[in-house]
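Novice: The chain contents come next:
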Amino acid sequence: MLLDELDGSERDRPTDEELVRDFLAGNGAAFEELVTRYQPTVMNMAYRLLGNRSDAADVCQEVFVLLLRKLGSFRGEAKFSTWLYRVSLNACHDYARKSRRNVSLSESPGDDLPEIEQRLADEGADAPEASMERAEVQKAVREAIARLPFKFKEIIYLHDISGYNYKEVAEILDISLGTVKSRLNRARNRLAVELRDFWEQMP
Amino acid sequence: MTTGKSCRKAARLIGPFVDGELPASRAEELERHLSACSACALRHRRMRSMVGELSSLPTISPSPGEREELLMRVRRELSESAPAPAFHRRAQIAAAAVSLLAIAVVVVTVTMWGGKRAPVVEESASGEFAPTEVNETTGPKVSPESSKYYAGEGVLNAALSSTPSLVAPGREYGEGELAGYRDDLGARLDFYSAYWYPYSMGALDEADMRRAQRELTDQLAATAASIGGDPTSLRTAIEAALSQAGDELLLPCHAELAKVDGRECWLISLSGPEDYLLFSDPQRPPAMVLASLGGEESLKVSESLLRELAAGLAPYEGASPQAPSDPRWEGSGTGLEREETGQATGEEETSGTPTDGGEPVGETQADFRSFLRDLSARYNSLDMLDKLERLNYEQVIMLLHGNWAGLAAEGVNLGDFLRPPRRLWAVDRETGAVVR
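Just so you know, the protein sequences line up as chains A and B, in that order.
Counting along the first sequence from 1, when you hit position 166 you're at 269 in our numbering, and nothing is skipped either side.
Counting along the second sequence from 1, when you hit position 428 you're at 564 in our numbering, and nothing is skipped either side.
A portion of the hints provided could be inaccurate.
Where chain A lies over chain B, by a calculated footprint (3+ residues, C-beta under 8 angstroms) [said to hold, decoys possible]:
#1 147–153
#2 173–187
#3 197–203
#4 207–214
Just so you know, the hints here were simulated from the structure itself, not pulled from any lab data.
We put the beta carbon where it would ideally sit given N, CA and C, even for glycine.
Please take these sequences and the hints and turn them into a complete structure.
Specialist: Listed below in structure tokens is the structure:
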């Protein structure tokens, strides 16, 4: 994924930075446009990191309220989207710490997905057996992610789930490229360990 | 070709290989290994499968209800906060400073009163001075039981106003006690928010700060006069303290009439741009503030430990680095200068992966961590070593270089390694001489 994809820079609509400028000039509707533009991204991020849709919706609100208050200090040194991701990741981290709601082994993150989205997840499966197997794998992966330390979750979310490349992840997390690579490697190895029992049972 | 070493190497390369980030030559080498080693081939298949599953996890879309709820919340916030005016730069900075000020007040309250509500100022038992009205928005509201705290009046023409604090009569300090002086903490936090942060952001310029310096001196003197104190000796003491700083721009933020070594002295606390170090909150000032610090910081980490660190790094640096001879760091003078090749310095974790240049450095990293652990075992300052162990290789280099801006940018809490420079001076009330 490219960081430019969402920010309007390649379409006939205002860029994020233009919206920020408009908002700071007193146009509240510009902020609402930013909300509409980024709510899905923030929701998904929070959902994957917290493993619970209701928490994700709460954090999403917190992020945009925080954004509203902090936008005056946005200095434009980074892209707005990069800045937003950082704010969102921090908010998720804080939320996880405060609520101590790291999903336990007995919980099954994703079970609160609406039915329509569960069906969408299975879209493309060409046989009921394959569909069931696929759902099982996804469930195991979601549960394994939930058991990871936050630092590993966020890098797997950014790179492997959202598809940001190494450079973009480095920008968002404000770490070096080498650190991205080594952290991602460790996160994946840990995830693989978490999935080992599941793989062993697979035919 | 299925030795343990080559398998360990393969384990590091499989991830980048799956991502298509491995150079062709290394990819071919890995493929050869995979075809000969069933364990690594299995690891590769699982990694590929796992990454594939991750990328195909379903996304969620906000429901109409969630969209509406969020917009309602945002609109409520928009209407409750002041309508976003045509922000000019100062207003923006002021808003940011208000946030920091709020943090400062919370930090002060929690730090000084363990979260309890600060007691209200009481009448002076001694009757030497009478208390003035206390500004509720600034600084700690009380001094220790034996003292009285006063906040001055007056408003500065700054983005935010902040008043210096005055304690009179203060307590008696024995030898060494001033090193742990904390009664100025509230004022310094307050001043960072009100002055230094806006200054770093360009909302206040040097002329503003010089004017603030004069006005703050006036305020302290006026407060002292209003409670029957001696404004002239206080002015003299402030000037003496400021003169110790030479040309450095500092602000008088707190004064206490105390006894030091049996002599009646004014304790003058000067606020400086590094007062952010007092924040326990991870909120950090922009790198430019850090960069402007120069060599005034004091390191918490001992010189001998730094020397061992520097010596221990020599095999990895390919040089014979030298630790600083003076713990008051003077920028980069360690002899550790080298080109930024990306080799090793970009790595954070011990297990290692190829660097940007494609070379694995995991073993070097592991050796380095092992070296740190060894150091940890031999030193008594385990707390400091614990903090050092949290640094990655690159960050340790930054520490040795005194690259505070770089460390801050990496998210390292500088307070772990630095303490603010000395900003407290004891000035003899009668003679105006600096005692300590």
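Novice: A separate judgement is required for each hint: does it hold in the structure or not?
Specialist: Tested hints:
1. For the stretch 147–153 of chain B, the stated coverage by chain A is satisfied: 4 residues place a CB nearer than 8 angstroms to a CB of that chain, which reaches the threshold of 3.
2. Coverage of a stretch by a chain is defined here by at least three residues with a beta carbon nearer than 8 angstroms to that chain's beta carbons; for the stretch 173–187 of chain B and chain A the count is 5, and the condition holds.
3. Counting residues of the stretch 197–203 of chain B whose beta carbon lies closer than 8 angstroms to any beta carbon of chain A gives 5, which reaches the threshold of three, so the coverage claim holds.
4. A stretch counts as covered by a chain when three or more of its residues have a beta carbon under 8 angstroms from one of that chain; for the stretch 207–214 of chain B and chain A the count is 6, and the coverage holds.
Checked against the numbered hints above, the structure violates none of them.
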